[in-house]
Amino acid sequence: MDRHTPLLSVEDLVTEFRTPDGIVHAVDRVSYSVWPGETLAVVGESGSGKSVTAMSILGLVQQPPGRIVGGRVVFEGRDLLQMSPREMRGVRGKSIAMIFQDPMTSMNPVFTVGFQITEAMLAHGNMTKREAQDRTIAMLSTVGVPDAAMRFHQYPHQYSGGMRQRALIAMAIANRPRLLIADEPTTALDVTIQAQVFETLRMAQAETEAAMILITHDLGLVAELADRVVVMYGGRVVETADVRVLFHAPRHPYTVGLLKSLPRIDGRAERLSPIPGAPPSLIHLPSGCPFHPRCALSNDRALCRSERPPLRELGPNHRSACHFAEELVDARGLPA
Amino acid sequence: MTVPLPSTATDREGLAVAHRSQFRLFVSRFFRHRVAMISLVILTAIVVAALNAERISPYPYDGMNLPAANLGPTVEGGHYFGTDKLGRDYFTRVLYGTRTTIFVAMTVAVLATLTGTLIGAFAGYFGGRIDNILMRITDLVIILPGLALLMILTTFLGEGTPIHVAVLLSSLLWTLVARIVRAQFMSLKRREFVEAAILAGASPWRVIWRHILPNTLGPIIVNATLTISTAILIESALSFIGFGVKPPTPALGQLISQGRGSMQTQWWLVTFPGLMIVTICLTINFIGDGLRDALDARQAQRS
Amino acid sequence: MSTIPTDEPLLRVDGLVKHFAAVRAVDGVSFTLRASETLGLVGESGCGKSTTGRCIIGLERPTAGSVVFDGHVVSTATGRELRAIRRDVQYVFQDPFSSLNPLMTIHATLEEPLLLAGVARADRRVRVAELMKLVGLAPEHANRFPHEFSGGQRQRIGIARALALSPKLLILDEPVSALDVSIQAQVINLLEDLQDRLGLAYLFVAHDLSVVSHICHRVAVMYLGRIVEIGSRDEIFDNPTHPYTQALLSAVPIDDPDKRGQQSRIVLTGDLPNPANPPSGCRFRTRCWKAAEICSNTEPPLERKAGGQLAACHFAPPLAAETVA
Chain C
1 MDRHTPLLSV EDLVTEFRTP DGIVHAVDRV SYSVWPGETL AVVGESGSGK
51 SVTAMSILGL VQQPPGRIVG GRVVFEGRDL LQMSPREMRG VRGKSIAMIF
101 QDPMTSMNPV FTVGFQITEA MLAHGNMTKR EAQDRTIAML STVGVPDAAM
151 RFHQYPHQYS GGMRQRALIA MAIANRPRLL IADEPTTALD VTIQAQVFET
201 LRMAQAETEA AMILITHDLG LVAELADRVV VMYGGRVVET ADVRVLFHAP
251 RHPYTVGLLK SLPRIDGRAE RLSPIPGAPP SLIHLPSGCP FHPRCALSND
301 RALCRSERPP LRELGPNHRS ACHFAEELVD ARGLPA
Chain L
337 MTVPLPSTAT DREGLAVAHR SQFRLFVSRF FRHRVAMISL VILTAIVVAA
387 LNAERISPYP YDGMNLPAAN LGPTVEGGHY FGTDKLGRDY FTRVLYGTRT
437 TIFVAMTVAV LATLTGTLIG AFAGYFGGRI DNILMRITDL VIILPGLALL
487 MILTTFLGEG TPIHVAVLLS SLLWTLVARI VRAQFMSLKR REFVEAAILA
537 GASPWRVIWR HILPNTLGPI IVNATLTIST AILIESALSF IGFGVKPPTP
587 ALGQLISQGR GSMQTQWWLV TFPGLMIVTI CLTINFIGDG LRDALDARQA
637 QRS
Chain W
640 MSTIPTDEPL LRVDGLVKHF AAVRAVDGVS FTLRASETLG LVGESGCGKS
690 TTGRCIIGLE RPTAGSVVFD GHVVSTATGR ELRAIRRDVQ YVFQDPFSSL
740 NPLMTIHATL EEPLLLAGVA RADRRVRVAE LMKLVGLAPE HANRFPHEFS
790 GGQRQRIGIA RALALSPKLL ILDEPVSALD VSIQAQVINL LEDLQDRLGL
840 AYLFVAHDLS VVSHICHRVA VMYLGRIVEI GSRDEIFDNP THPYTQALLS
890 AVPIDDPDKR GQQSRIVLTG DLPNPANPPS GCRFRTRCWK AAEICSNTEP
940 PLERKAGGQL AACHFAPPLA AETVA
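Chains as they are written, first to last, in my numbering: chain C, 1 to 336; chain L, 337 to 639; chain W, 640 to 964.
Don't take every hint at face value.
[Said to hold, decoys possible] Where chain W lies over chain L, by a calculated footprint (3+ residues, C-beta under 8 Å): (1) 521-529; (2) 547-555.
[Claimed, not checked] Computed cross-link-like contacts, SDA-like style, restricted to lysine to any residue with a CA-CA straight-line distance of at most 25 Å: (3) Lys260/C - Leu776/W; (4) Lys260/C - Leu829/W; (5) Lys807/W - Arg722/W; (6) Lys94/C - Ala148/C; (7) Lys898/W - Gly220/C; (8) Lys807/W - Ser539/L; (9) Lys129/C - Gly70/C; (10) Lys94/C - Leu60/C; (11) Lys260/C - Asn828/W; (12) Lys807/W - Asp877/W; (13) Lys260/C - Gly900/W; (14) Lys582/L - Gly399/L; (15) Lys260/C - His856/W; (16) Lys898/W - Asp877/W; (17) Lys929/W - His856/W; (18) Lys260/C - Glu813/W; (19) Lys525/L - Met743/W.
[Claimed, not checked] Where chain L lies over chain W, by a calculated footprint (3+ residues, C-beta under 8 Å): (20) 719-731; (21) 734-742; (22) 749-759.
Just so you know, the hints here were simulated from the structure itself, not pulled from any lab data.
All values derive from a computational prediction rather than experimental measurement.
Glycine residues also receive a C-beta, built at the ideal position from the N, C-alpha and C atoms.
Whole structure, please, built from the sequences with the hints as guidance.
This is the structure:
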């Protein structure tokens, strides 16, 4: 594969929602790229815009009340935002597959799991029903669903949570997509089940050589699985970096604050260092930099209040949207 | 895909800048629903007119005036809706009929809602045997053939006065409210703020009255408005077939029934009361819609 | 009020059992808790930790066993006695969005426990302002409604409500799980501060092991309605002896990309057994890599192991030959 052009390139994406209270700027000029075979983690808390971005990429934003106002999403040379719904349906499920957070609502409760997976295959590929069925059973086995031949005929509610998620992963990789988008795939699951599922994800990705966008708020998952990380806040990208660089030398006050505020299972800190304040409203975003009201580095400087910081290059593959990112190198507020 | 929930405008501490109670938010949402607002205006006009029938119309309800019989709608003499075969001004008759209909419908709504709420609340909150008994009673009432039963009841029990009809209608229409309230209570009593109130020492009465009931008011009110239009339709149907409000008390269904024979030649006898029924029901339904939308928005806001 | 001798723990749970029809949610749980101490109750869904918490405060009536708090028997208390106990034990709920009545102002919500305890109006007003300040909120905002506050703030209000009558013990059911990561730290710090200032004991029910390792003095690990291991925080986290605890700890993703792949992660096979029909002998044996015949025949007793903690496993080396309750 050509390693010099990104598989997916989101460019200046803007998505809004009209609500009775005002316009929600869910995605505010977001840009990032995903290279073939890599795992890109998109990290953020609620209201950061990470999920809406993914929905916009896949054309799953309900319009109205949502509206993709601007930008491009270039996938394998074509702008997805310009595609007709029919063309998008051809892409979705075949070249780009999505794994959602709650497997119970992503699977149809009235059809068997096997049926749903074979349907997904038959919709996009040329094979007989028998072939699809065999491949499905093999796939279920691969993702670790025990007794796959019998489970093929069962309904989603007969699966446990972890198994459902794994069946969803099987459904997602059934057509050998080139890009997997996983939105909080392990959040609703118990810790030991999470471990099972992310091993499955790792394996699924290895087997299909697909790139993956992993949307999550769990930094532990990011540390385990990601190659590169995009940090989002207030509907914008505030930092992108290779995963090691992000954890050891972050260059945005929000990232620094986030890493410092996490309780570590191996740490014995006396007190945690939280980020003061709360995430901003997406209707009334603060002027200038969305993080400035909570930012210790900003210290209420005028520039932070008035001008939106551009996402600029600070090192190889390392970008940050902060006016005073350079000052962070000296301060070096790193996690304990 | 759901809309990401916006928080209201926040100040530095993350608190809402505009301090508005849920109620005010609800009201402002309702005002935004244009159809509901227009309907509210129209309905208010009709109700006010009906209540002031004496002042509006120069003619008495029963004022016979044979020389002016069978007139179509006309400006002369102020017979905007025409006259019937006895020369009675039809506009007046429709107006008084409307008043009766509205009275019956409102009474039914109030009685049915109160009864249903009481029964639903007890069944939902206490559960167990009480719930079983109350729900079996409810099921029984639902199964009974409503219209036939009403016909029998009004014949044997009623004197055909509006209040009698209203009470009888209520005895059948409370079931929907009861079920809705029961479902609401069953789900609300498990909510954390209700458990917190119990842990704070609240008695069951306080929990029901202060915590659960106010949070149930929304669906109850929406349902009450719909009960009004149901009541109107049933009452009109009953009056039409002669089992509802009996003459000389006017009723819209009655008027339609009386005018039916001469429908071909004197169309206004059937049309105007019919139009009035349709208008009232439509406006009430739109208002109910508006209330429901405003309520849903409030639920979303709650998160 | 009863005074407890300083040796006696504040809370003693003994053989607690709670069945919901066939589901054996809690099936024999025992532990103690002292004043100013935080005991973490961890486990995954279906282990019974939430139900245990609810039984202690009387939101559920135990099927068997006893709960004794400060000399009072909670498990059989009713009416007035239960209300009296609830002045000293309170509860903080998980979901900040449904733990506050949306139609009541914060003032009304905070004042309710005081009102029901017979506190005079003027005193109530003073106390509500005190409580708001205690949890880091501005008292002027008390006349606002829950929807005007953020999730973190609502959780603070929930904590304030629990503290209204100055309880000695707080049961917290996943108090920070529903909050954004950057807000969790704020609330955790608040809880620690309150414990220092007010001498509160906490029963901290949670599934997030990182949070538990930070805030708890002692930890009990539950599986399918039983405690499988209980000990001090360090004993459990540095040297877990029960296989389930080991699996649980190894499943937590490491926050360091450099250590990726270095840690040997234990991935449990299979799923949680049906709580209505738990496995014979050791309940964990169906997913345990050490399982042997003895595991299906005999249930391992909860006894002191070499590391100092109590664990229920046939394969963890015991401390000498004594069994301590």
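Hint-by-hint comparison with the structure:
1. 521-529: holds (count 3)
2. 547-555: Answer holds; 3 residues pass the 8 Å Cβ test.
3. Lys260/C - Leu776/W: Measuring from Cα to Cα gives roughly 23 Å; hence the hint holds.
4. Lys260/C - Leu829/W: holds, 17 Å
5. Lys807/W - Arg722/W: holds, 14 Å
6. Lys94/C - Ala148/C: holds, 23 Å
7. Lys898/W - Gly220/C: Given that 25 Å is the threshold and the Cα spacing comes to 11 Å, the pair holds.
8. Lys807/W - Ser539/L: Within the cut-off at roughly 23 Å; holds.
9. Lys129/C - Gly70/C: With Cα atoms ~41 Å apart, Lys129/C and Gly70/C exceed 25 Å; violated.
10. Lys94/C - Leu60/C: At roughly 15 Å apart (the allowed maximum being 25 Å), Leu60/C and Lys94/C satisfy the hint.
11. Lys260/C - Asn828/W: With a Cα-Cα distance of about 13 Å, the restraint between Lys260/C and Asn828/W holds, given a limit of 25 Å.
12. Lys807/W - Asp877/W: Measuring from Cα to Cα gives roughly 30 Å; hence the hint is violated.
13. Lys260/C - Gly900/W: holds, 23 Å
14. Lys582/L - Gly399/L: Roughly 18 Å separates the two Cα atoms, so the pair holds.
15. Lys260/C - His856/W: holds, 22 Å
16. Lys898/W - Asp877/W: holds, 18 Å
17. Lys929/W - His856/W: Roughly 29 Å between the alpha carbons, so the hint for Lys929/W and His856/W is violated.
18. Lys260/C - Glu813/W: holds, 21 Å
19. Lys525/L - Met743/W: Within the cut-off at roughly 16 Å; holds.
20. 719-731: Result for this restraint: holds, n = 4.
21. 734-742: With 8 residues closer than 8 Å to chain L, the stretch 734-742 of chain W meets the three-residue bar; holds.
22. 749-759: holds (count 4)
Checked against the numbered hints given earlier, the structure breaks hints 9, 12 and 17 and satisfies all the rest.
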